[in-house]
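Visitor: Sequence:
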Amino acid sequence: MTRIALTFLIALAAGCATGPRIDDTYRAKSQDSRAQYLIIHYTTGTFTGAFNILTEGAVSSHYLVRDDDPPTIYRLVDENRRAYHAGVSSWKGQTALNAASIGIEIVNAGDTRTNGEVSFADYPPAQVDAVVALVKDIVQRHEIRGDRILGHSDIAPQRKVDPGPKFPWKRLADEGLIPWPDAKRVAERKALHEQSLPDIAWFQSKLAEHGFAVARHGEFDEATIRVIAAFQMKYRPAKFDGQPDAETAALLDVMTSAPANAP
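In terms of this note's numbering, the sequence shown opens at residue 1 and continues consecutively.
I should point out that these hints are in silico values taken from the structure, not numbers from a laboratory. It is possible that part of the hints are untrue.
No more than 30 Å apart at the CA atoms, straight line, and that leaves these computed lysine-lysine pairs for DSS-like [unchecked claim]: (1) K136 with K170; (2) K190 with K170; (3) K239 with K170; (4) K136 with K92; (5) K184 with K166; (6) K170 with K92; (7) K166 with K136; (8) K184 with K136; (9) K136 with K239; (10) K170 with K184; (11) K190 with K92; (12) K184 with K92; (13) K239 with K92; (14) K166 with K239; (15) K190 with K166; (16) K29 with K136; (17) K184 with K239; (18) K92 with K29; (19) K190 with K239; (20) K166 with K92.
Values in this document were obtained by computation on a predicted structure and should not be read as measured data.
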């Protein structure tokens, strides 16, 4: 092979390796981040077990927040890539949320059952501080709306309960990150609902309006109980029995009507 031919082949190979020339001068106004949701989970178990599953298994998460002090935050998946943390999921009609979300796994023992009673592990204050700081950073960079900062139990209430009732959602509200029901308005609505509690069809309609995937058939079935409990765990963690009472109705009423004390 002549030197000229060899030089041509080398140049051709180099061109193929670098790809076509792209003009990166201009930017379209109509665009936003591919990350539209932020989903919070707990791991259920120890750090070692969670780390092995999230790095070597079929599931993954963008971040893993350890329970050491100070907490170590591991980035396991780049934010511009999809992690497999949400599974079969839905919120306000959008499904397959892995493709449009960032996932945070928090090392936590999760829920345990003893003699039929369910208990949940606490989150250490330092770990909560680390999670809040991480959420703030992600939300600022991707401009994620407050009503799209969710728990796994929000987007998959039939099979998930994490991050559970011990996760401090009110702390996120106080930090201006998520909407929260105004206490005065809740008290007013609760007094009205105590006089006449709405039927199950009303609860199902309000839960669906809030964002949950819930059947609207007017029957008080196990699936509806799970969705009500998921809502209660977030906004009334002191009692999350899945029963449609006046306080739950008041919370739903306020959260599905403006203004809702949004950030």
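Visitor: Does each hint fit the structure? Answer for all of them.
Guide: So, going through the hints one by one against the coordinates:
1. The suggested pairing of K136 with K170 holds, with an alpha-carbon distance near 14 Å, which does not exceed 30 Å.
2. As the CA atoms of K190 and K170 are separated by approximately 20 Å, the hinted pair is consistent with the 30 Å bound.
3. Restraint check for K239 and K170: satisfied, since their Cα atoms lie roughly 15 Å apart, inside the 30 Å limit.
4. With a C-alpha separation of about 23 Å, the suggested pair K136 and K92 falls inside the 30 Å cut-off, and the hint holds.
5. Between the alpha carbons of K184 and K166 the distance comes to roughly 24 Å, so the proposed pair stays at or under 30 Å and holds.
6. Restraint check for K170 and K92: satisfied, since their Cα atoms lie roughly 22 Å apart, inside the 30 Å limit.
7. Restraint check for K166 and K136: the C-alpha separation of about 20 Å stays at or below 30 Å, so the hint holds.
8. Using a Cα cut-off of 30 Å, the hinted pair K184 and K136 holds, with the two alpha carbons roughly 27 Å apart.
9. About 28 Å separates the Cα atoms of K136 and K239, which keeps this hinted pair within 30 Å; it holds.
10. Between K170 and K184 the alpha-carbon distance is near 16 Å, which keeps this suggested pair within the 30 Å criterion.
11. For the hint pairing K190 with K92, the CA-to-CA distance comes to about 25 Å; that is within 30 Å, so the pair holds.
12. In summary, the hint linking K184 to K92 is supported, as the alpha carbons are separated by about 27 Å, within the 30 Å threshold.
13. Of the pairs offered as hints, the one joining K239 and K92 holds, with about 25 Å between alpha carbons and a cut-off of 30 Å not exceeded.
14. Straight-line distance between C-alpha atoms of K166 and K239 comes to about 12 Å, which keeps the hinted pair within the 30 Å bound.
15. Of the pairs offered as hints, the one joining K190 and K166 holds, with about 24 Å between alpha carbons and a cut-off of 30 Å not exceeded.
16. For a cut-off of 30 Å, the pair hint linking K29 to K136 stands: about 25 Å separates their Cα positions.
17. Straight-line distance between C-alpha atoms of K184 and K239 comes to about 19 Å, which keeps the hinted pair within the 30 Å bound.
18. Restraint check: the Cα-Cα separation between K92 and K29 comes to about 26 Å, which is no more than 30 Å; the hinted pair holds.
19. Restraint check for K190 and K239: the C-alpha separation of about 15 Å stays at or below 30 Å, so the hint holds.
20. Proximity of K166 to K92 is assessed by CA-CA distance (about 25 Å); at most 30 Å being required, the pair is judged to hold.
In the structure shown, no violation is registered for any of the earlier numbered hints.
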